[in-house]
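Number of protein chains: 2
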Amino acid sequence: MRRDVPLDHAYRLMNHGPTVLVSAAHAGRINLMAAAWAMPLDFKPPKVAVVLDKATFTRELLEASGEFALQLPCRASADLCNTVGNTSGRALAADGSNKFERYGIGHFGGQATGAPLVEGCVAWLECRLLREPHLQQAYDLFLAEVVAAQADERVFSNGRWHFDSAPEDLRTLHHVAGGHFLLPGAALQAGLLPERS
Amino acid sequence: MRRDVPLDHAYRLMNHGPTVLVSAAHAGRINLMAAAWAMPLDFKPPKVAVVLDKATFTRELLEASGEFALQLPCRASADLCNTVGNTSGRALAADGSNKFERYGIGHFGGQATGAPLVEGCVAWLECRLLREPHLQQAYDLFLAEVVAAQADERVFSNGRWHFDSAPEDLRTLHHVAGGHFLLPGAALQAGLLPERS
Chain A
2 MRRDVPLDHA YRLMNHGPTV LVSAAHAGRI NLMAAAWAMP LDFKPPKVAV
52 VLDKATFTRE LLEASGEFAL QLPCRASADL CNTVGNTSGR ALAADGSNKF
102 ERYGIGHFGG QATGAPLVEG CVAWLECRLL REPHLQQAYD LFLAEVVAAQ
152 ADERVFSNGR WHFDSAPEDL RTLHHVAGGH FLLPGAALQA GLLPERS
Chain B
2 MRRDVPLDHA YRLMNHGPTV LVSAAHAGRI NLMAAAWAMP LDFKPPKVAV
52 VLDKATFTRE LLEASGEFAL QLPCRASADL CNTVGNTSGR ALAADGSNKF
102 ERYGIGHFGG QATGAPLVEG CVAWLECRLL REPHLQQAYD LFLAEVVAAQ
152 ADERVFSNGR WHFDSAPEDL RTLHHVAGGH FLLPGAALQA GLLPERS
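The listed protein sequences correspond, in order, to chains A and B. 2 is the number of the first residue of the first sequence in the working numbering; add one for each residue after it. 2 is the number of the first residue of the second sequence in the working numbering; add one for each residue after it.
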């Protein structure tokens, strides 16, 4: 059901503006959080940008390990997304636990990084941090190169999302505020305006 | 129909990941382009990030003037968005023209910047460039502070999008590839996962 996505199609996973989950691991500790502020940054090699607040434990882990994963939750995992977006892994880590354990969230190993990949998502992008200390400190902004990508072939194949023909539960989430999300709806093919003389 | 959006709600205009139009003016020349890679960067003061290719004429204008506008096209302006995303203003400028003239696109003056605001959009964010030369040169990434925001009150009010109760023509555009867009569809309120003991 999970299929590799060629790296030159990786930007298409995030081009339509979905909310993502960010996951990272370091020295035996793992965590995940939600981030609505993420976008593609380049085509080839594929790069991404994501905003990570200084208070987040995931940020601490990925700054230490230099790698993380972005993954796209879907309608079926909306409660998961909302839950990890409203809890902190730091206190759990102090007790030797983490959000995966506490909330029964499954994860599996990646292809190119040690970041835990979250089950129940529809796409996964493994990322290697491009260290830009000024940017990280002044703007909480993190840049990374995508080094592996996978997607659920039921809803993404041949470089395209197919929300129309897949179960509604597989639609990506687009955060508005306070756990309120929009799902992708109708598609349209735009034309070109005529030139005026 | 256009209403001011308080600056502390400005991030909500872009939180759900819409494609934007970028417009700028300098020394009597004006241009606009489309950008799918744009996102909020901070709440207060509100900031945004947007990727602008080195080849674009709009980038040249906003680097010179230090200001620009992001605005959200909608279903009704999908052809406009696709057209300005697939043409260059540089050749038109050499002839003393611009995309607004060539394609009959209306624009109006902003409240806080000299950037032309595009008619037929559903939200407008006027931005002042935060100059980060390394970032602009190495990643084509531009950061800015939002200094004024407006939205079409038929579809955005009280800090929320109301796509359900507004005409479908006012839905924002989320670019997939090649002029193919997704519109926001159903909304959902997420809950919280139970804790495991």
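One should not assume that every hint holds.
Identical chains blur together in the list; that is why a pair holds if it fits in one copy or across any two.
With a straight-line cut-off of 20 Å between C-alpha atoms, the simulated EDC-like cross-links for lysine to aspartate or glutamate are [said to hold, decoys possible]:
hint, residue 1, residue 2
1, K55, E169
2, K45, E146
3, K45, D170
4, K45, D165
5, K55, D80
6, K55, D43
7, K45, D141
8, K45, E120
9, K45, D9
10, K55, D141
11, K55, D5
12, K45, D5
13, K45, D80
14, K55, E154
15, K45, D153
16, K45, E64
17, K55, D153
18, K55, E120
19, K45, E154
Bear in mind the hints are in silico, worked out from the structure with no lab data behind them.
A quick look at each hint next to the structure:
1. For the homomeric pair K55 and E169, neither the shortest alpha-carbon distance inside one copy (35 Å) nor that between copies (39 Å) is at most 20 Å.
2. For the identical chains of this complex, K45 and E146 are intra-copy neighbours only, at 9 Å inside a copy versus 28 Å across copies, given an alpha-carbon limit of 20 Å.
3. In this assembly of identical chains, the alpha carbons of K45 and D170 never lie at most 20 Å apart, being 31 Å within a copy and 34 Å across copies at closest.
4. In this homomeric assembly, K45 and D165 never come within 20 Å of each other (Cα to Cα): the closest approach is 28 Å inside a single copy and 38 Å across copies.
5. Taking CA atoms no more than 20 Å apart as the test, K55 paired with D80 passes in neither setting, with 24 Å inside one copy and 40 Å between copies.
6. In the homo-oligomer, the alpha carbons of K55 and D43 lie at most 20 Å apart only across protomers (12 Å), although the nearest pairing inside one protomer, at 25 Å, exceeds that limit.
7. In this assembly of identical chains, K45 and D141 lie within 20 Å of each other by CA distance solely across copies; the values are 13 Å between and 24 Å within a copy.
8. Taking the closest pair of Cα atoms, K45 and E120 never come within 20 Å of each other, the shortest separation being 27 Å inside a single copy and 34 Å across copies.
9. In this assembly of identical chains, K45 and D9 lie within 20 Å of each other by CA distance solely inside one copy; the values are 6 Å within and 35 Å between copies.
10. In this assembly of identical chains, K55 and D141 lie within 20 Å of each other by CA distance solely inside one copy; the values are 7 Å within and 24 Å between copies.
11. Proximity of K55 to D5 under the C-alpha cut-off of 20 Å is found in neither arrangement, the shortest distances being 32 Å within a copy and 31 Å between copies.
12. Taking the shortest Cα distances, K45 and D5 sit within 20 Å of each other inside one copy (17 Å), while across copies they are farther apart (39 Å).
13. Taking the closest pair of Cα atoms, K45 and D80 never come within 20 Å of each other, the shortest separation being 34 Å inside a single copy and 28 Å across copies.
14. For the homomeric pair K55 and E154, neither the shortest alpha-carbon distance inside one copy (35 Å) nor that between copies (34 Å) is at most 20 Å.
15. Taking the shortest Cα distances, K45 and D153 never come within 20 Å of each other, neither inside one copy (22 Å) nor across copies (37 Å).
16. For the homomeric pair K45 and E64, neither the shortest alpha-carbon distance inside one copy (24 Å) nor that between copies (25 Å) is at most 20 Å.
17. Proximity of K55 and D153 under a CA criterion of 20 Å is satisfied in neither setting, with 32 Å inside one chain copy and 34 Å between copies.
18. Taking the shortest Cα distances, K55 and E120 never come within 20 Å of each other, neither inside one copy (26 Å) nor across copies (38 Å).
19. For the homomeric pair K45 and E154, neither the shortest alpha-carbon distance inside one copy (22 Å) nor that between copies (40 Å) is at most 20 Å.
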